[in-house]
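Residue numbers (this note's numbering), protein chains in the order written: chain Y, 603 to 717; chain W, 2 to 112.
No wet-lab data here; the hints were simulated from the structure.
Just to be clear, a hint being listed does not mean it is correct.
[Claimed, not checked] Stretch-level coverage of chain W by chain Y, calculated; a stretch enters the list once three of its residues show a Cβ under 8 angstroms from a Cβ in chain Y:
| no. | region |
| --- | --- |
| 1 | 19 to 28 |
| 2 | 37 to 51 |
[Said to hold, decoys possible] Which residues of chain Y face chain W? A few of them, derived with a C-beta cut under 7 angstroms, are:
| no. | residue |
| --- | --- |
| 3 | 648 |
| 4 | 651 |
| 5 | 652 |
| 6 | 709 |
Here the structure is a predicted model, which means the values were calculated and not measured.
Where is the CB? At the ideal position from N, CA and C, for every residue including glycine.
Each chain, written out:
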Amino acid sequence: AQSVSQHNHHVILSEAASLELGCNYSYGGTVNLFWYVQYPGQHLQLLLKYFSGDPLVKGIKGFEAEFIKSKFSFNLRKPSVQWSDTAEYFCAVSRAMEYGNKLVFGAGTILRVKS
Amino acid sequence: NAGVTQTPKFQVLKTGQSMTLQCAQDMNHEYMSWYRQDPGMGLRLIHYSVGAGITDQGEVPNGYNVSRSTTEDFPLRLLSAAPSQTSVYFCASSYGGDGYTFGSGTRLTVV
Numbered sequence: 603a604q605s606v607s608q609h610n611h612h613v614i615l616s617e618a619a620s621l622e623l624g625c626n627y628s629y630g631g632t633v634n635l636f637w638y639v640q641y642p643g644q645h646l647q648l649l650l651k652y653f654s655g656d657p658l659v660k661g662i663k664g665f666e667a668e669f670i671k672s673k674f675s676f677n678l679r680k681p682s683v684q685w686s687d688t689a690e691y692f693c694a695v696s697r698a699m700e701y702g703n704k705l706v707f708g709a710g711t712i713l714r715v716k717s
Numbered sequence: 002n003a004g005v006t007q008t009p010k011f012q013v014l015k016t017g018q019s020m021t022l023q024c025a026q027d028m029n030h031e032y033m034s035w036y037r038q039d040p041g042m043g044l045r046l047i048h049y050s051v052g053a054g055i056t057d058q059g060e061v062p063n064g065y066n067v068s069r070s071t072t073e074d075f076p077l078r079l080l081s082a083a084p085s086q087t088s089v090y091f092c093a094s095s096y097g098g099d100g101y102t103f104g105s106g107t108r109l110t111v112v
């Protein structure tokens with residue numbers, strides 16, 4: 603079965619520190635990749651997505667992610683975090699052209715940014 | 002556009018009760034899904050639909066039913082609530098292979 607692994611469950615950073623959240627998936631075929639963010643008490647919002655093309659994708663709020671096919675990875679980065687980035691971050695994967703367009707989520711990484 | 006609308010936002014049920022969580026989208030999306038979110042487990046797929054009249058089971062379907070009589074609506078029914086179904090439930094919709102748009106969630110407690 604396809605699975606998605608997020609390396610850290612909790613990350614604590616000071617403001618202005620750089621962020622990198624790891625995500626690996628197990629499926630070997632063509633995939634679509636997503637990062638979602640969930641601010642406290644809110645629903646999931648799409649940060650960025652990768653379908654094909656340039657493996658470095660830029661999303662909202664200064665986030666970016668790099669797809670490395672050989673490593674089955676899609677790590678999320680931000681050069682300088684802000685207190686308002688405190689949230690839970692989810693990596694998700696779907697198989698391209700799969701019936702049902704099903705998303706498989708990682709367990710999530712809770713980011714706390716200290717002001 | 003309202004996007005994906007879920008009701009109710011909060012619900013407390015007694016063990017054995019049944020209820021329906023409502024979900025509606027106004028974006029004419031063909032794909033709709035129900036997920037449950039539990040701490041440390043991410044979101045797990047309960048049921049999904051690829052269009053009106055077509056539904057299928059996801060990863061954790063037991064204890065839940067769905068139907069999709071229209072493109073817009075995708076209700077989730079709990080047949081006989083159990084404490085293990087205490088969770089936050091999210092409905093989501095998508096067009097083609099694009100990313101999903103999520104509703105604001107229903108926090109369900111079964112006592």
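Does residue 709 of chain Y pass the interface check with chain W, least Cβ-Cβ distance below 7 angstroms? 4 angstroms, holds
May I ask you to test the interface hint for residue 648 of chain Y with respect to chain W, counting a Cβ-Cβ separation under 7 angstroms as satisfied? With a minimum Cβ separation of about 5 angstroms from chain W (threshold 7 angstroms), the hint on residue 648 of chain Y holds.
Does residue 651 of chain Y meet its interface restraint, that is, does its C-beta lie within less than 7 angstroms of any C-beta in chain W? 5 angstroms, holds
Under a C-beta cut-off of less than 8 angstroms, do 3 or more residues of the region 37 to 51 of chain W approach chain Y closely enough to confirm the stated coverage? Coverage by chain Y holds for the region 37 to 51 of chain W (8 residues, Cβ < 8 angstroms).
Per-residue hint verdict: residue 652 of chain Y, partner chain W, C-beta under 7 angstroms: Cβ of residue 652 of chain Y sits 10 angstroms from chain W, so the hint is violated.
Coverage of the region 19 to 28 of chain W by chain Y (three or more Cβ within 8 angstroms): It is violated, with 0 qualifying residues against the three required.
Violated hints for the displayed structure, listed by number in ascending order: 1 and 5.
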